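J.: Below, each chain spelled out in residue letters.
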Amino acid sequence: MYAQMIKSEATTDDPEKLKEFQARIDDDIKVEPRDWMPEGYRKTLIRQIGQHAHSEIVGQLPEGNWITRAPTLERKMILLAKVQDEAGHGLYLYAAAETLGVSRDDLTEQLLSGKMKYSSIFNYATLNWADIGAVGWLVDGAAIMNQVPLQRTSYGPYSRAMIRICKEESFHQRQGYDIMMKMAQGTEAQKKMAQDALNRLWYPSLMMFGPSDADSVHSTQNMAWKIKMNTNDELRQKFVDQTVPQAEYLGLTIPDENLTWNEKKGGYDYSDPDWSEFFDVLKGNGPCNVDRLEARNKAWDDGAWVRDGLMAHAEKKRAAKTAAE
Amino acid sequence: MSKEWPLWEIFIRGQHGLSHRHVGSLHAPDAEMAIKNARDVYTRRNEGVSIWVVEANNISASSPSEKGPLYEPSESKIYRHPTFFDIPDEVGHM
Amino acid sequence: MANVDKEMLTQFLLRMGDNTLILGHRVSEWCGHAPVLEEDIALANTALDLIGQTQLWLGYAAEVMDDGKTADDIAFLRDAWDFRNLLLLELPNGDFGQTLMRQFLFDAYQSILLPRLMKSSDQAIAEIAEKASKEAAYHVERSAETVVGLGDGTEESHKRMQAALDRLWPYVGEMFASDDVDAAMAAAGVAPDPASLREEYDALIGKVLSEATLTIPDSDFAHKGGRNGKTHTEHLGHLLTQMQWLQRAYPGATW
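Residue numbers (my numbering), protein chains in the order written: chain A, 13 to 337; chain F, 7 to 100; chain V, 3 to 257.
Worth flagging that the hints you see were computed from the coordinates, not collected in a lab. Here the structure is a predicted model, which is why all the values come from computation and not from measurement. Even glycine gets a Cβ: it sits at the ideal position worked out from N, Cα and C. One or more hints might be untrue.
Stretch by stretch, here's where chain V covers chain A in the computed footprint (C-beta under 8 angstroms, at least three residues) [what the hints assert, rightly or not]:
1. 309 to 321
2. 325 to 337
Subject to a maximum C-alpha distance of 30 angstroms in a straight line, what follows is the list of computed DSBU-like cross-link-like pairs (lysine-lysine) [unchecked claim]:
3. 133(V) to 8(V)
4. 329(A) to 209(V)
5. 161(V) to 310(A)
6. 71(V) to 204(A)
7. 9(F) to 329(A)
8. 329(A) to 161(V)
9. 209(V) to 226(V)
10. 31(A) to 55(A)
11. 310(A) to 42(F)
Just need the whole structure built from these sequences, with the hints factored in.
T.: Dropping the structure here:
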């Protein structure tokens, strides 16, 4: 997911307070920034929301890769608006994290130094135009699986950010599927692009949910705190069940020979992605990790004089105003 | 590291006749840029007719107390980062 | 449609549409790479406005040409010699300062031209101008404020903005170089003679650039050729190879 493998932080707070805190969460009462919260809850949330925000920002890059090559004026506008939304979503999420006492600049520095992670999916390349369709259809589709339940997360600012994001996201998956339909019903070359995109992005999309965490203590704690709403396997199953008929409608083949309907469980059986590849990507060895971090670092470094310049001007103006008063 | 742009809280009147509602936060060097940034960030879908911006550390707010039910508001303190005014769903296109 | 030579009217519309097409494309290159999130989002809005205006200008050009082409055909299937945009707009982005300086120089022009076009004798042009002028009014407000902030910011930001102005100044004069197309438009009441906009333009940018503590170069030399199609910079061809790639590589496909 956009926030993957989030370890819960140990908490050493007063057990009485912890009990009351948990009771409140169990009652679905939102935690707000100035409320007492366990240190572990706060730290885990910073990590999760920060990683989610970073994913939105780095996620601009693979799709941004096609903005200047979009094939029509309308497609260019739709794609630009979508990638812009991702910047907006990053902004909302950073703001939610900032309520926990961390600055956006701090979080940014941690992303740029590689200390904080972002979703594995954005380390994959977008190689043909159908990838832009597939990213909307599969990647946003997978993200929405996770984000819809997160609207009910226990932390107020995070929940409100997710509500706003989900409202804006609704067009993202649709525009992706719309591209896929055009491609799948198009020329032979376009069909080939569509199948190629699905072949490359299917397993990385399944990886977005993270490895099975049914037995993970972190997952159990995070679910109790309602900062994680479902297990990874639950969401992945839901995603596969939703996506298979959509692929069939397009006339595309999901690259999994073991994909079969399982009547008993009422869902599809499917092959696991190659988890060793997933861990390689997390370690920085995905196809685009280096490119992505280089691009973010360059934007940040090249922009320093702009941020400083505008700040300096604002301070001059303030000083002049104070002097005049 | 350079000095970070201050954080601003953004309030938007979605339609004529409604009150301004808190919609979120952003960073800007000063109030004028905060208003422009708010227009670009928070009215991408034509959500607003009027924008207020307040530097976050100028907001005073009630805060939850430690007694009784841990969480009832009493003493007054300053919110540093109040991204947390409720945004009702039914406001819709804000 | 105004009572004016169709060929001339087409040229005028291509000038309007190619300006926004090429600048919109350049600005869109920033998406995901701007100095701060708020600027990233604002630049994308500018690019979106410009590309939206392009659809209108080139859409109307297609209507006037009346040979079965669409706005997309015009944007994606012409070669460099057919483009009628200002040379200023096809120059590479440079640093953020150069991008914003170019934006301001163009926004200032549009903010003066478009309100005049709202009174065009051509109803379709007046309608496009009405929509576009609202957007241009905001663009110039924002780019002017940023140019002032950076010009009168730190020593480094000042230096970079002055360098940007020096670099781009020789491309400003082309905006006001009138030719027979402009004369025909002015005679038919379709559009003002661009030369007549210069005074107002100089006043506007003079005020902003002086507030930005920047010095306008003492030269009225102007590179020309984009708007009349006589020549372009080497940069336009590279821009088109990206922009037109899919349409060229897979002719006849729908996207």
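J.: Next pair to validate is residue 71(V) with residue 204(A); report whether the Cα-Cα distance is within 30 angstroms.
T.: holds, 28 angstroms
J.: Residue 9(F) and residue 329(A): Cα distance at most 30 angstroms?
T.: holds, 16 angstroms
J.: Please verify whether residue 329(A) and residue 209(V) have alpha carbons no more than 30 angstroms apart.
T.: Measuring from Cα to Cα gives roughly 17 angstroms; hence the hint holds.
J.: Given the proposed pairing of residue 31(A) with residue 55(A), does the C-alpha separation stay at or below 30 angstroms?
T.: Answer holds: residue 31(A) to residue 55(A) is near 18 angstroms, not above 30 angstroms.
J.: Does the segment 325 to 337 of chain A contain three or more residues whose Cβ lies closer than 8 angstroms to a Cβ of chain V?
T.: holds (count 3)
J.: Between the segment 309 to 321 of chain A and chain V, are there enough contacts, at least three residues with CB-CB distance under 8 angstroms, for the coverage claim to hold?
T.: holds (count 11)
J.: Residue 161(V) and residue 310(A): Cα distance at most 30 angstroms?
T.: holds, 20 angstroms
J.: Verify the proposed pairing of residue 209(V) with residue 226(V), using a straight-line Cα cut of 30 angstroms.
T.: holds, 25 angstroms
J.: Next pair to validate is residue 329(A) with residue 161(V); report whether the Cα-Cα distance is within 30 angstroms.
T.: holds, 19 angstroms
J.: Has the given pair, residue 133(V) with residue 8(V), been kept, meaning a C-alpha gap of at most 30 angstroms?
T.: holds, 24 angstroms
J.: Given the hinted pair residue 310(A) and residue 42(F), is their alpha-carbon gap at most 30 angstroms?
T.: Judged against 30 angstroms, a Cα distance of about 25 angstroms means the pair holds.
Going through the hint list in order, the structure satisfies each hint without exception.
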